[in-house]
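Chemist: First to last, the sequence lines map onto chains P, U and G.
Reminder that position 402 of the first sequence reads as 402 in our numbering, one-by-one numbering, no gaps.
If you count the second sequence from 1, you need to add 1000 to reach our numbering.
If you count the third sequence from 1, you need to add 2000 to reach our numbering.
Just so you know, these hints were derived from the structure itself, not from any lab.
A hint or two may mislead.
Partial selection, computed: residues in chain P whose CB lies under 10 Å from chain U [as the list claims (entries may be wrong)]:
| id | residue |
| --- | --- |
| 1 | 125 |
| 2 | 157 |
| 3 | 161 |
| 4 | 165 |
| 5 | 218 |
| 6 | 219 |
| 7 | 223 |
| 8 | 280 |
| 9 | 281 |
| 10 | 287 |
| 11 | 462 |
| 12 | 466 |
| 13 | 533 |
| 14 | 534 |
Derived CB-CB ranges, DEER-like [to be verified]:
| id | chain 1 | residue 1 | chain 2 | residue 2 | range |
| --- | --- | --- | --- | --- | --- |
| 15 | U | 1245 | P | 431 | 25 to 31 Å |
| 16 | P | 530 | G | 2211 | 26 to 32 Å |
| 17 | U | 1230 | P | 88 | 48 to 54 Å |
| 18 | P | 219 | U | 1240 | 32 to 38 Å |
| 19 | G | 2185 | U | 1201 | 42 to 48 Å |
| 20 | P | 86 | G | 2121 | 50 to 56 Å |
| 21 | P | 28 | U | 1216 | 16 to 22 Å |
| 22 | U | 1067 | G | 2119 | 31 to 37 Å |
Each residue gets a CB set at the ideal place from its N, CA and C atoms; glycine is no exception.
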Amino acid sequence: MEFDVLVVGGGPAGLACAIRLKQLAAAAGRELSVCLLEKGAEIGAHILSGAVFETRALDELIPDWRARGAPLGVPVLRDEVYYFPHESNALRLPGFALPKTMHNAGNYVISLGKLCRWLGSEAEALGVEIFPGFAAAELLIEAGVVTGVVTGELGRAKDGSEKPDYQPGMALKAKYTVFAEGCRGHLGKALIERFDLAAGRDPQHYAIGLKELWEVPAERHEPGLVVHGAGWPLEGNANGGSFLYHGEDNTIAVGLIVDLNYANPYLSPFEEFQRFKQHPVIRRHLAGGRRIAYGARAIAKGGFSSLPKMHFPGGLLIGCDAGTLNFAKIKGSHTAMKSGLIAAETIFAALEQDRAGGRDLVEFETALRASWLYEELYAARNFGAALHRFGTLFGGAFNWIDQNLFGGRLPVTLHDPEPDHMRLKPAAECAPIVYEKPDGVISFDRLSSVFLSNTNHEEDQPAHLKLTDPGLALTVNLARYAAPETRYCPAGVYEIVEEAGGPRLVINAQNCLHCKTCDIKDPGQNIRWLPPEGGGGPVYGAM
Amino acid sequence: MKILVPVKRVIDYNVKARVKADGSGMELANVKMAMNPFDEIAVEEAVRLKEAGVASEIVAVSCGEAKCQEQLRQALALGADRALLVETTVELQPLAVAKLLKAIVDREAPRLVILGKQAIDDDANQTGQMLAALLDWPQATFASKVAVRGEEIEVTREIDGGLETLAMTLPAVVTTDLRLNEPRYATLPNIMKAKKKPLETLTPAELGVDVAPRLATLKVEEPPARKAGVKVASVAELVDKLRHEAKVIP
Amino acid sequence: MSAANKVLVIAEHDNRQLKKATLCTIRCAAQLGEVHLLIAGSGCAAAAEAASQVEGVAKVLCSDDARYAHPLAAALAPLVTSVAHGYSHLLAPATTFGKDLMPRVAAKLDVAQISDVIAIVSPDTFKRPIYAGNGIATVQSRDAIKVLTVRATAFDPAKVGAGGTALIEALAPIDVPAHTRFVGQALAASDRPELTQARVIVSGGRGLGSAENFHLLDKLADKLGAAVGASRAAVDAGFAPNDWQVGQTGKIVAPELYIAVGISGAIQHLAGMKDSKVIVANNKDPEAPIFQVADYGLVADLFQAVPELTAALG
């Protein structure tokens, strides 16, 4: 099948791009076919974010979003920021002590999943062909030009044979293809390699964000309260931060973000998160409530210095698939949407000039540089690197000076040249971390958590997590790093099982939340995340 | 032969249903919805009968809110030829649905109605039987095998403890069990084609059916959590407990 | 509860005696009012006789006729509706028999039907599971006649032979429609029951260690007439086929007895079997989560415990 534009991924970037394309076509009275593929079972099923949302890009995309019923019901009313020195006390930071980028007045506490579902219905109303449950599995490249994708095949059995209902993948071709898979998309990764898009940039840096949704008694709920924190439980050279947002319908979103440049292979982001909720400042919000959802997703947070080239012959790489998140604001949705808007405008103009498509849209770069998105990312360029280099306290002080006094224009650029997976130290050099058992009230185990993500994959299919060299699981990962994948995976996909013949790595691929952390953090880059049969993975409701 | 396939929009079977905090029902806000899995089997069976040359037309029908169109489109993508939506926001109970379906049957005159044995939301397992009663048609519930031979349909049913085979003269109602078939995937081209297939909307009033609920749901509670029982010291003690305390073995 | 209530229980039987699920339904019916029992069959005098001595049964209506040789809903529904108006409640067990029949009866009477009742709150208010047991709904009927199917595992069976001698009244058969013909029945005699329908399930986990070791469970299952299930870990490890899998992504089961062997008890597994009436867990790890839901836990090496249990069951 052929389309004018194919968008891969139904998150904020992809949907903004698809909507803008249709708006431009309608305004110009042109026919323009836009197809959007989403690997989740529906739009929003794989969306997970905090989220405190800045409306700047949405204001540009759909100015009357309020009248059209966009799910932005809860304005931020109060900001609290804490530094947690350890497990029982907390320093509340006064507003003036915070980098300006951390102020949230005018923003909204939202569910990004809900927002995406709403954007999806807006897109469909404009005539975008949306196909949820179909993964883009492979790139179609002809004579050095990206001409589309091949969808994942359906109905292949675990042993590799074709089941009776087997459906081969399908080639979907387009004049331009926009990749908006979110952080560490497997096609985005392939494009970066194939077209050397990251040449001359810092490596991308990542974090894993773990999130739960709680329902609490109405009398303990303060819609619009936004709480951020740093410090405990992440200690030593582990960085990150936490969030707790009071949203709508008596829900609280609580989460921990752990930078994936941590060194100690014994660190378990999941258990750190469970431990974090026990802090009195956090616990008091959750007490008396019930946990209703859980999920996790990797975050591309390298920002400006890590941003790859976003254009290549036949297409564009946008949103978190490229890495447009503004880490100084801890927000990526408005920047992702803005990149989608710029992509749509660039592509539409290009098709107006030449209907054939397939060009390398170098003008995207110019449009990007002229936009507020570039300005934001440039101003925030040192934020993450400062925290990595100087730690939470001194890095934070640097960021205060840079963001508040100089508006992000300090005439230095800090670099962070070492990829996250290289930072892992051998287990022998690290102290094991002992985590307390979950209490079943505030803290929980992995599998009962995964249960709340509604994750499912067709059982009888090949595992979608592949080891390039299966032997390394034991000879390197286990022997040298004490099998870190059994800890950083937030879903218990990886297990070392002791058997008569010795230890064995078991991959419970059905549990996979599609967070991509294993693809990022594996010390030998030996684990590859590939898309499973379409529709598999979590089915998040309002994450 | 025309086949009517009623399909229901329900919570997706992968999603864990939870009771609303106020106990008024189950939480369905922000929950992925899908076609009832047993109805998907019904659609598949109808499509196979059409592919085998037994059926000439498949009409999918759903009753409920406007969004049921999504499930009808799914049925069309899987091979139904056209669709009917009886649109209402009233809470529909099985008897009301059966009456609506009877009215549709009177209009469409299918020779066979195939539907799921139960929906995974209310787990009622009633609609097919009620429809058969209202029509005075034969019924075969829990079908694991269906064969049409001229004016007769032979159905193998999954009953407690085994299988039973019935032969019925058409027209008839069949409700599907899990082992009847493995539904196919909807392919991209078929999903696109489905968007263009006819979908007609009706109302209960147009069909002259009173759909007022007969049952009032007073509250919905979480099931009681299971508690840990006792540890037994030996196999002998276990057998004794199972025999004399739990009484689950002879 | 109220003397004004008269309850008719439609018996599931094999012409000689009542099925256990019928006895459980009688116990449930006794909470509502005076219980009458309807037995329709061919050569079912023995069953009627046995029924007359069941605790709580005041009267037995017996329709003994060749037309009722097979319990077909299309044949039985007219018979039930012909006597329905003398009753406030019509009950049948929530088995494939009752589920097939009662909606047909209810629709003929133009009343709602209430499925899988697990508790009687009042004569018009009942509890029943919805959403695969994830919710328990309390529903109130506005109809004059309440038609219920009763989940047998929620009620103890009424005692057999403990009642007085209820009157047995012959009930004339009614013409049955010609549109349905019984062709045959294949009762699973040697074959194992289907997982979702089995009364007893023996389920194995990764603790079994290999596909060969799964045969240990076969012998136990044979003794118990049980189906064999498996945890996802065991299926993943290739010890058991896919369609044996019990759990969130496999089959949801609720047998009377569930024996979990070498299963740690991941939540996905628990989600698939937590509604079982009695759960037995055998695991060598005393910390295994399965023990948190087990009625009877046996901390022991399964390779000793399972053969011992098989032998003990004679």
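Chemist: With reference to the structure, classify each hint as holding or not holding.
Modeler: Results of checking the hints against the structure:
1. The restraint placing residue 125 of chain P at the interface with chain U is violated, with a minimum CB-CB distance near 14 Å, outside the 10 Å limit.
2. For residue 157 of chain P, the suggested interface contact is broken, since its CB lies about 12 Å from the closest CB of chain U, more than 10 Å.
3. The restraint placing residue 161 of chain P at the interface with chain U is violated, with a minimum CB-CB distance near 15 Å, outside the 10 Å limit.
4. Of the supplied interface hints, the one on residue 165 of chain P holds, with its beta-carbon coming within about 5 Å of a beta-carbon of chain U, less than 10 Å.
5. At its closest, the beta carbon of residue 218 of chain P sits 9 Å from a beta carbon of chain U; the interface hint therefore holds under the 10 Å criterion.
6. Proximity of residue 219 of chain P to chain U is violated relative to the hint, the smallest CB-CB distance being about 13 Å (cut-off 10 Å).
7. At about 15 Å, the closest approach between the beta carbon of residue 223 of chain P and any beta carbon in chain U exceeds 10 Å, and the interface hint on this residue is violated.
8. For residue 280 of chain P, the interface hint is violated, since its Cβ never comes within 10 Å of a Cβ in chain U; the closest pair sits about 25 Å apart.
9. Against a cut-off of 10 Å between C-beta atoms, the interface hint on residue 281 of chain P is violated, since the closest Cβ of chain U lies about 24 Å away.
10. At its closest, the beta carbon of residue 287 of chain P sits 15 Å from a beta carbon of chain U; the interface hint therefore is violated under the 10 Å criterion.
11. Look at residue 462 of chain P: its Cβ only gets to about 16 Å from chain U, farther than 10 Å, so that hint breaks.
12. Nearest Cβ of chain U to the Cβ of residue 466 of chain P: about 23 Å, over the 10 Å cut. The hint is violated.
13. Annotation: interface hint on residue 533 of chain P holds; nearest CB of chain U at approximately 9 Å, less than 10 Å.
14. For the restraint placing residue 534 of chain P at the interface with chain U, the shortest Cβ-Cβ distance is roughly 9 Å, inside the 10 Å limit, so the hint holds.
15. In this structure the supplied range 25 to 31 Å is violated for residue 1245 of chain U paired with residue 431 of chain P, their Cβ-Cβ distance being about 49 Å.
16. About 28 Å separates the C-beta atoms of residue 530 of chain P and residue 2211 of chain G, a value consistent with the hinted range of 26 to 32 Å.
17. Under the hint 48 to 54 Å, the C-beta atoms of residue 1230 of chain U and residue 88 of chain P, about 38 Å apart, miss the expected range.
18. Range check, residue 219 of chain P to residue 1240 of chain U: about 51 Å between beta-carbon atoms, so the 32 to 38 Å window is missed.
19. Under the hint 42 to 48 Å, the C-beta atoms of residue 2185 of chain G and residue 1201 of chain U, about 44 Å apart, fit the expected range.
20. Taking 50 to 56 Å as the suggested C-beta distance range, the pair residue 86 of chain P and residue 2121 of chain G conforms, at roughly 52 Å.
21. A hinted range of 16 to 22 Å is violated for the C-beta pair residue 28 of chain P and residue 1216 of chain U, which are about 56 Å apart.
22. As the Cβ distance of residue 1067 of chain U to residue 2119 of chain G is approximately 34 Å, the hint placing it in 31 to 37 Å holds.
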